[in-house]
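Following the hints, position chain B against chain A.
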Amino acid sequence: MSTRETSPSGPPAARRIPALPLAAGLAAVLLVSLLCGVSLGASGIGFPHALRLVAAGLTGGRLDADEASAYAIVWQIRLPRTVLAAVVGAGLAATGVAVQALVRNALADPFVLGISSGAAVGANAVLLLGAFASLGVWAISASAFGSALAAMVLVYLAARTAAGLTPLRLVLTGTALSYGFSAVTSLMVFASARGEAARDAMMWLLGSLGGATWGSVPIAAATVLAGLAYLACAAGRLDALAMGDETSASLGVDPDRLRRELFTVTAAVTGTVVAVSGAIGFVGLLMPHLARMLVGAGHRRVLLVAPLAGAVLLVWVDIASRTLLAPAELPVGIFTAVLGVPAFLLLMRRRGYTFGGR
Amino acid sequence: MTTATDLTVDGVSVELAGARLVHDVGLRAAAGQVVGLVGPNGSGKSTLLRCVYRVLRPAAGAVRLDGDDLHALTAREAARRVAALPQEHSAEFDFTVAEVVAMGRLPHRRPLAGPSGADHERCAAALRRVGAGHLAERGFLSLSGGEKQRVLIARALVQEPRLLVLDEPTNHLDIAHQLEVLALVREAGPTVLTALHDLNLAAGHCDLLYVLRAGRIVASGPPAEVLEPGLLAEVFGVRATPVRHPVTGALQLLFDRLP
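Protein chains in written order, with UniProt numbering: chain A, 1 to 358; chain B, 1 to 259.
Okay, chain A solo, but in the shape it has when bound (with noise of 0.2 angstroms):
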């Protein structure tokens, strides 16, 4: 059948970067951007200097005494804060990836299953009423985590069938269970005595990077890694789920054990990030689909590039959300919408992509 070529040649793919290139590139940009991090705020630290203190913190160099408060700065809060941000851009992106290829459809993000309004409740709950005090500062870290870990065990039980986890059901019942946390935590700020109570709420849920410390970062560091290395291995099997169950049986990828597997993954990155910077949106959406258009839907190369395009565009979201209004800071949230929907509409005009489906 080799000679007849009948087809008429139609629009070729969408022009595509290579990835591994286009990720080393990325890595560089976002060691900049780390460096950035640490150097500007409410009080700038030169590119040199700031260097030179992180350096310090590593190595355990000496320093002068009157470069104090300046390694403070850099060691304690902006250094933490800013891998911090890293971490959790990469994790939304890459469970951003998990949660398209689970549910076979390119509109969902980490939060269709219902985990950032499940997470919502436990942080409310300590923000709102006061619970578990005596776990201190890990107080709404640890109950946002929790809920949103039960969260995910009521989507999964309240989804799952005889045949398996079905990728609309999980949708509709993340969707439908989301409802249904909101109201809780509607309920909790109107039961609230705190007149701030809905202002606190809404901060929670829009994100923000501020509660950092060398406390949380390891954690979340650790799950992100494992999460991220997980998907590194199966992203082979996610191609062939994205072509259907029967597909993806055929080439001997068991479809609903590898959806119980990315479930799992899912709900413990997504949990652990959520629990240490709130439900900041929009990247777990935007950030799949522009490793997409730029290196293809092989989730190899968009596994590559995804996270450390969140990684990037998170470290500067955050940098913009504590100096463009300092000493006050914004909401994480509202730079990932700004900055993500028309940086979205842009690339979606983009010829040849077709964001899955026609």
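Errors might be hidden in some of the hints.
As the list claims (entries may be wrong) - Okay, the calculated bits of chain B under chain A, using three or more residues with CB under 8 angstroms as the criterion:
id, region
1, 49-63
2, 75-88
3, 94-101
4, 104-117
Source of the hints: derived by calculation from the structure; they are not laboratory data. As the structure is a computational prediction, the values presented were derived from the model and not from experiment. C-beta: ideal position from N, C-alpha, C; glycine also.
Leaving out everything else, chain B in the frame of chain A:
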């Protein structure tokens, strides 16, 4: 080219949502044979095939490849032996044709490894064999139904299966590609089990035919014996008139409504 396998479907029954759709089916395909499955809509052809490429488990009986119980193998091991062209395929994301074909190498790859250089050559060769070499860089979603079908056949071929399960492989194909695809899968070497609607194609390309009605095998044997007017009237509800092809001498059936 590829080694073929003996397929034995041994007393298989399949249930879906509590309903028994396939009853105690027995079927054999010797290594390298092309075996056709024919029957009216809803007779259980696809359900039986889905059991052979492991989307469904049999409620009773077993599917054996060279004596090994297919459903006792790991999913990966089974996929190295059996490839399929399912009827349902959805693509939510716009993979290129080359990426779709490369997925056929998945059961042969280690988890972290991407397609190797040899894989790329295999995929390009398979695409050329189905007459789709020029489509490699196109988006899969932008293809016509027939082009998609040929690309999916290329994917099944690079899987290097010993058994190829095809569910209506000629759907959407123009007449030239219908004939070529069936000749191609025979040439490719594996044992083939295929559901076909077009009884003339089935007569011309299969070594053996099994006729399904309401989930049961009602006839089997060489096409010329199986496709006789009495059975076709009973199973398909049509009047069939067998004639000889004036050029090739092959059996051709002409159909009209039962009087």
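A quick look at each hint next to the structure:
1. 49-63: holds (count 4)
2. 75-88: holds (count 12)
3. 94-101: Holds: 5 residues of the region 94-101 of chain B have a Cβ under 8 angstroms from chain A.
4. 104-117: holds (count 7)
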